[in-house]
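Visitor: Listed below are the residues making up each chain.
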Amino acid sequence: MSYEVRLEKGYAVVALTGDVDLYKSPDARAVILKCLGDGQHTLVDLSAVNYIDSSGVASLVEGLQMAKDKSLQFGLVGVSKTALNVLKLARLDKVFVIHDSLDAAPAAS
Amino acid sequence: MPGMTEELLGYRFTAEPAELKSMRDRLDRVLELQEITPEVRADWVLAVNEACMNIMQHGYRQQTGDILLRVLRDGNRFNFELEDQAPAVVPEQIQSRALDEIRPGGLGIHFMRTIMDEVTFMPDASGNGNRLLMQVELQES
Numbered sequence: 218m219s220y221e222v223r224l225e226k227g228y229a230v231v232a233l234t235g236d237v238d239l240y241k242s243p244d245a246r247a248v249i250l251k252c253l254g255d256g257q258h259t260l261v262d263l264s265a266v267n268y269i270d271s272s273g274v275a276s277l278v279e280g281l282q283m284a285k286d287k288s289l290q291f292g293l294v295g296v297s298k299t300a301l302n303v304l305k306l307a308r309l310d311k312v313f314v315i316h317d318s319l320d321a322a323p324a325a326s
Numbered sequence: 003m004p005g006m007t008e009e010l011l012g013y014r015f016t017a018e019p020a021e022l023k024s025m026r027d028r029l030d031r032v033l034e035l036q037e038i039t040p041e042v043r044a045d046w047v048l049a050v051n052e053a054c055m056n057i058m059q060h061g062y063r064q065q066t067g068d069i070l071l072r073v074l075r076d077g078n079r080f081n082f083e084l085e086d087q088a089p090a091v092v093p094e095q096i097q098s099r100a101l102d103e104i105r106p107g108g109l110g111i112h113f114m115r116t117i118m119d120e121v122t123f124m125p126d127a128s129g130n131g132n133r134l135l136m137q138v139e140l141q142e143s
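Residue numbers (the working numbering), protein chains in the order written: chain X, 218 to 326; chain S, 3 to 143.
Since the hints were derived computationally from the structure, they do not count as laboratory data.
Be careful, since some hints might not be right.
[Unchecked claim] Stretches of chain X that chain S covers, calculated by requiring three or more beta carbons in the stretch to come under 8 Å of a beta carbon on chain S:
#1 235 to 244
#2 282 to 293
#3 299 to 310
Ideal Cβ placement from N, Cα and C applies to all residues, glycine included.
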């Protein structure tokens, strides 16, 4: 897994690529929590994620909780079919704010 | 053919997170050769991956060790067996958490039990080592 962070529409957009598994999810968790810790509204782009396991999902949940604690906006964009299936299994697909794409996401307010 | 068990895979690997991707790729290829659809393969691979994660995180913890994955097919029934030499687990203590509680962690067992028809933990009576058997019936499409 690799990641890129860019600023768009008032968000830090964390784009993850590859497999977000037990080996790599600590990197995803660290970058997501860093963005939120810096006070940035954050979107996680999952469009290039081939695989995500429960540890990757846990990283997203931690982001969601931190965002709530800090009154920041947090969401997912471009959730791949694979990732959506795992979120559904965890019954979290309705818990996260999910945008089809970055274009579809409203600007952070 | 029902009644004839065929061993599709025997794969021993080091119980380290860095080894998971290789295990997943190998398992996926084996299942692809059995003409299992990508959607079903993704679920089954996820369940096996979660089981391996549990062995690493809650079995071996900081210790090193191996995991042996075996995949067997009997007709439409697939068996995924995992063996380790970690301290024996107490099956009654292995439970998934309530899903209405939104918090990180504790999802692995839920994934395994949701995807598979049967999940059976069999700790070795000696106190060392475990065998985990996950069974699932391939649904005719």
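Visitor: Please verify the coverage claim for the region 235 to 244 of chain X: does it have three or more residues whose C-beta sits within 8 Å of some C-beta in chain S?
Guide: n = 4 at 8 Å, threshold three: holds.
Visitor: The region 299 to 310 of chain X covered by chain S? Criterion: 3 or more residues, Cβ-Cβ distance below 8 Å.
Guide: holds (count 7)
Visitor: In terms of beta carbon proximity below 8 Å, does the region 282 to 293 of chain X have 3 or more residues touching chain S?
Guide: Since three or more residues must qualify, the claim that chain S covers the region 282 to 293 of chain X is violated, with 1 doing so at under 8 Å.
Going through the hint list in order, the structure does not satisfy hint 2, though it satisfies all others.
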